[in-house]
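With chain A fixed as given, assemble chain B onto it according to the hints.
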Amino acid sequence: MIAELGAFALTLALAFAAAQLALSAVGRWRRSTVLAAAAEGAALASFAGVALAFACLIHAFVTSDFSVANVAANSHTEKPLLYKVAGAWGSHEGSMLLWCLALTGYGAAAVVFGRSLPRGLKASMVAVQGGLGMVFLAYTVFASNPLSRIAMPPVEGRSLNPLLQDPALAIHPPFLYAGYVGMSVVFSLAVAALIEGRVDTAWARWIRPWALAAWSLLTVGITLGSFWAYYELGWGGWWFWDPVENASFMPWLAATALLHSAIVTEKRGALGGWTLFLSLAAFSFSMLGAFLVRSGVLTSVHAFAVDPERGVLLLIILGLTTGGAFSLFAWRAPKLAQGGLFAPVSRESALVLNNILLAAATTTVLLGTLYPLIRQAITGDPISVGPPYFNFTFVPLMGALAVLLPAGPLLAWKRGDARGVTQRLWIAALIAVGVALVSYAVVSPRKALGALGIGMGAWLIAGALAELVERTRLFRIPAAESLRRLFGLPRGAWGMTFAHLGLGVFVLGACIETGWKAESAETLRIGQSLDVGAYHLTLDAIADVDGPNYDAERALIHVARAGKPVCTGAPERRFYPAGGQTTSEVAICYRGPSHLYMVLGDRRDAAGAPVWLVRAYWNPWATLIFLGPVIMGLGGLISLSDRRLRLGVARRRKEQPA
Amino acid sequence: MSWLPKSPKARRRLTLVAAIAPVLAIAVALALWGLKDSISFFYTPSQADAAKPPPGRSIQLGGLVSPGTVVKHPDGRVDFVVADKISADKVSFQGDLPDLFREGQGIVAVGAFRQDGVFEAKQVLAKHDEKYMPKEVADALKKQGEWRGDGKMPEYQAAPYAAPAGGKTKTP
Numbered sequence: 001m002i003a004e005l006g007a008f009a010l011t012l013a014l015a016f017a018a019a020q021l022a023l024s025a026v027g028r029w030r031r032s033t034v035l036a037a038a039a040e041g042a043a044l045a046s047f048a049g050v051a052l053a054f055a056c057l058i059h060a061f062v063t064s065d066f067s068v069a070n071v072a073a074n075s076h077t078e079k080p081l082l083y084k085v086a087g088a089w090g091s092h093e094g095s096m097l098l099w100c101l102a103l104t105g106y107g108a109a110a111v112v113f114g115r116s117l118p119r120g121l122k123a124s125m126v127a128v129q130g131g132l133g134m135v136f137l138a139y140t141v142f143a144s145n146p147l148s149r150i151a152m153p154p155v156e157g158r159s160l161n162p163l164l165q166d167p168a169l170a171i172h173p174p175f176l177y178a179g180y181v182g183m184s185v186v187f188s189l190a191v192a193a194l195i196e197g198r199v200d201t202a203w204a205r206w207i208r209p210w211a212l213a214a215w216s217l218l219t220v221g222i223t224l225g226s227f228w229a230y231y232e233l234g235w236g237g238w239w240f241w242d243p244v245e246n247a248s249f250m251p252w253l254a255a256t257a258l259l260h261s262a263i264v265t266e267k268r269g270a271l272g273g274w275t276l277f278l279s280l281a282a283f284s285f286s287m288l289g290a291f292l293v294r295s296g297v298l299t300s301v302h303a304f305a306v307d308p309e310r311g312v313l314l315l316i317i318l319g320l321t322t323g324g325a326f327s328l329f330a331w332r333a334p335k336l337a338q339g340g341l342f343a344p345v346s347r348e349s350a351l352v353l354n355n356i357l358l359a360a361a362t363t364t365v366l367l368g369t370l371y372p373l374i375r376q377a378i379t380g381d382p383i384s385v386g387p388p389y390f391n392f393t394f395v396p397l398m399g400a401l402a403v404l405l406p407a408g409p410l411l412a413w414k415r416g417d418a419r420g421v422t423q424r425l426w427i428a429a430l431i432a433v434g435v436a437l438v439s440y441a442v443v444s445p446r447k448a449l450g451a452l453g454i455g456m457g458a459w460l461i462a463g464a465l466a467e468l469v470e471r472t473r474l475f476r477i478p479a480a481e482s483l484r485r486l487f488g489l490p491r492g493a494w495g496m497t498f499a500h501l502g503l504g505v506f507v508l509g510a511c512i513e514t515g516w517k518a519e520s521a522e523t524l525r526i527g528q529s530l531d532v533g534a535y536h537l538t539l540d541a542i543a544d545v546d547g548p549n550y551d552a553e554r555a556l557i558h559v560a561r562a563g564k565p566v567c568t569g570a571p572e573r574r575f576y577p578a579g580g581q582t583t584s585e586v587a588i589c590y591r592g593p594s595h596l597y598m599v600l601g602d603r604r605d606a607a608g609a610p611v612w613l614v615r616a617y618w619n620p621w622a623t624l625i626f627l628g629p630v631i632m633g634l635g636g637l638i639s640l641s642d643r644r645l646r647l648g649v650a651r652r653r654k655e656q657p658a
Numbered sequence: 659m660s661w662l663p664k665s666p667k668a669r670r671r672l673t674l675v676a677a678i679a680p681v682l683a684i685a686v687a688l689a690l691w692g693l694k695d696s697i698s699f700f701y702t703p704s705q706a707d708a709a710k711p712p713p714g715r716s717i718q719l720g721g722l723v724s725p726g727t728v729v730k731h732p733d734g735r736v737d738f739v740v741a742d743k744i745s746a747d748k749v750s751f752q753g754d755l756p757d758l759f760r761e762g763q764g765i766v767a768v769g770a771f772r773q774d775g776v777f778e779a780k781q782v783l784a785k786h787d788e789k790y791m792p793k794e795v796a797d798a799l800k801k802q803g804e805w806r807g808d809g810k811m812p813e814y815q816a817a818p819y820a821a822p823a824g825g826k827t828k829t830p
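Protein chains in written order, with my numbering: chain A, 1 to 658; chain B, 659 to 830.
Chain B with its partners taken away, still in its complex shape:
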């Protein structure tokens, strides 16, 4: 094979490049493809109004659970309204709610809008910590001027269950 470089060092380098290049190409292609399809955007209800994600597209909807809107049906379905200061969306969820799902609390629902405009949640994320606010919800509400939860508390109270490795609740 005369077209190969003569020096053994250069040959080894060439072999190495020949081995790495296809793996790298495949990995990059897979990564880009995967990212295109499986990233989901986060919206609050008013942002969702503006962006109008197409029905069926997986997104995350975050906001506060409006008091008095939670209806638990005997078949396991739960309906509630998630709202920010400007807008509100109806959410429908089949399954077990996070243990600290409460009215007035910040949650993130993962799912997609249906044709009729109701948000069909596949997952509802909330945390065990009653003071916890999902980061995206807190950020969005801060922008709208609704969130004022920055007051400092004594340290052992300020980090109640944010401190232990917990605060986990997700419902499939």
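Bound conformation, chain A alone:
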């Protein structure tokens, strides 16, 4: 009964979304506030409907109602409660419902928080958001309904893929989707601005909180996914340039560019057309990602909910929405007003350069991701594009961005002073060069590229701090006064400092890990050992373990360095009888920021005695790789809490005579 209630609520939500589109569009056309208000009510009702449907799906998972097809395929009575709940978004259908929940949720939030928007813009925005909701809800209801029943319910479910039964992965999709779909509000506002024919500083201020929130959540979501892949898959790496990873990375890159270009539009009224373009691009990349990931057109190691038939539907949705939006852009954008002028050396120019580099990097990632499709369409040969391509194209572009980054915030608007910036940054530059030289001299084995990377990380961190020093005028005025200034800084400034600092931390970690990681794999008998980096690992014992829904072999590995014991690791190899699957549970021994990563492989028989394949990785400073983006996301949230973006401020400002 509850599943039917959910299915009904979902269908109702679809009807409400359609009503939202129609009422708001007619309301805009007739300039009727009554119709516009009704459309806003429909937006809230649509969200309520999807939320109810989602609650019903979670109920079906928690109570193991196997008469629901999706539960039968993805749940199991013996599964821990957390994973029963997480199972609700562990499948194609359920995750699509989560997507719709986020979409209608953002739509409702845009209605509630958008009270200060001009009536016309708001009505258009609500209509576009309703249109998006309608399309995706229609897809969910008719092509991928998670609440449909089956005639012959099985006694036991087929269980969620054991790899997904992990806390990081349980919360990874909600963050990721909240990020992906958050771009929809920016998209709707951009389309609305094109319909209204007006892009100005106020518009840029309205999109900023949505772009910031979505960007922050996406940053955290991608990091969680990467961290999960790192410790759950047991491959020792954290980024593989896999199509599915790229699918989440491209919206992030576009959103990052958008956040920066929106600043120019907000402060100086320039780059309006480009900011609009990025607003459309960010959500288009989100939808492209949804299509790539779900259609199975690209061979990915993260096969997710692959279904070519439904992929075609998603492609149609993608074509309709992005095609429509970009056609509107091509038609209306040339008519938009041009913004203010600026000198070649200025904050605007720095942000433009940032955007050029980010856009180029996004394009190379897009090309590399889609090249196998293009190539296959033309020549028919299946090929794949490997990580070397991405390292070769993406890294130099980002390197250039990192070199220029610390200078940007120090430049003045309109006309900057290059010499002044050099004066303010020479200490940071000295620190960076010093750190690079010292790490080149001291760290063994000697690696020039690795040392360069460390220097780059130090440059970003020192540059972010130099900007803070500059703002507080530290060393030039009394320290107490500087401290007072430090606390008086706007949250937006803090957000930027954190985001740039986080990038530096990430670069530092990524370069050290990539430059100096070591790995080793050997088959060991109990009592034998292998060496990785400076560590000596001894396989002491193998024990059988009974888990809640799996059986496992657990190894006991003693780790020693220079003869002294440092830690023990207990990697497992689990067998899940429900799905007949085996997974590896990695053991990580944390040595400061560095990780010693251990994986237990399969048992083999050698001359009567069993041996186990043990793989070990030394990942120096790997913690920073995940810490950096978290700091970046935190920066986004701090910036989001800035007074200027909070509720009502824009309204108060509007009441003043301009």
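If you're looking for bench data, these hints aren't it; they were derived computationally from the structure.
Where hints are given, some of them may not hold.
DSBU-like cross-link-like pairs, simulated, lysine-lysine; straight-line CA separation at most 35 Å [what the hints assert, rightly or not]:
no., chain 1, residue 1, chain 2, residue 2
1, B, K743, B, K780
2, A, K414, A, K267
3, B, K748, B, K780
4, A, K517, A, K447
5, A, K267, A, K447
6, A, K564, A, K517
7, B, K730, B, K748
8, A, K447, B, K780
9, A, K335, B, K667
10, B, K664, B, K694
11, B, K730, B, K743
12, B, K667, A, K414
13, B, K730, B, K710
14, A, K414, B, K694
15, B, K710, B, K743
16, A, K517, B, K694
17, A, K335, B, K780
18, B, K730, A, K517
19, B, K780, B, K694
20, A, K517, B, K780
21, B, K694, B, K710
22, A, K335, A, K414
23, B, K710, B, K780
24, B, K748, B, K710
25, A, K267, B, K667
26, B, K664, A, K267
27, B, K780, B, K730
28, B, K748, B, K694
29, B, K694, A, K447
30, A, K267, A, K335
31, B, K743, A, K517
Frame of chain A; chain B shown alone:
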């Protein structure tokens, strides 16, 4: 600088072009260079026979693991034969096999042929789903008429572990 256009608008446009052009040129050059070196072709054993990729060139070899050919050596090396209907290749792999690597199952091996004709795999890709068939392998086998796995099953069975966001196994 008299050669610059007079109008500030045109000047800005020129500055913008001057900034974009080098980045674009570098990005395009890097992309083309990168694509030249890091694309790898997919072959089934019979296609590899016909195309004869030079030893050392990184390719993907896909097919079915021939039953009875898997030999796991105590030093961690695994030898097996990957075959399609017409031809077969010996594959040698050092490392941990995907959890669902089984005889008779479709896999993709990433690596290169050695001088002696044995395929040295750096990675073996298979999926957790026992019904999963790598797309390229399925396509190639369909062409050869060997693959007949198109029968429809009840929905909840048809998408067993293709449905969850998983089915991932790769072995470095």
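- request: Check each numbered hint from earlier against the structure, then list the numbers of those it violates in ascending order.
  value: 5, 10, 14, 17 and 31
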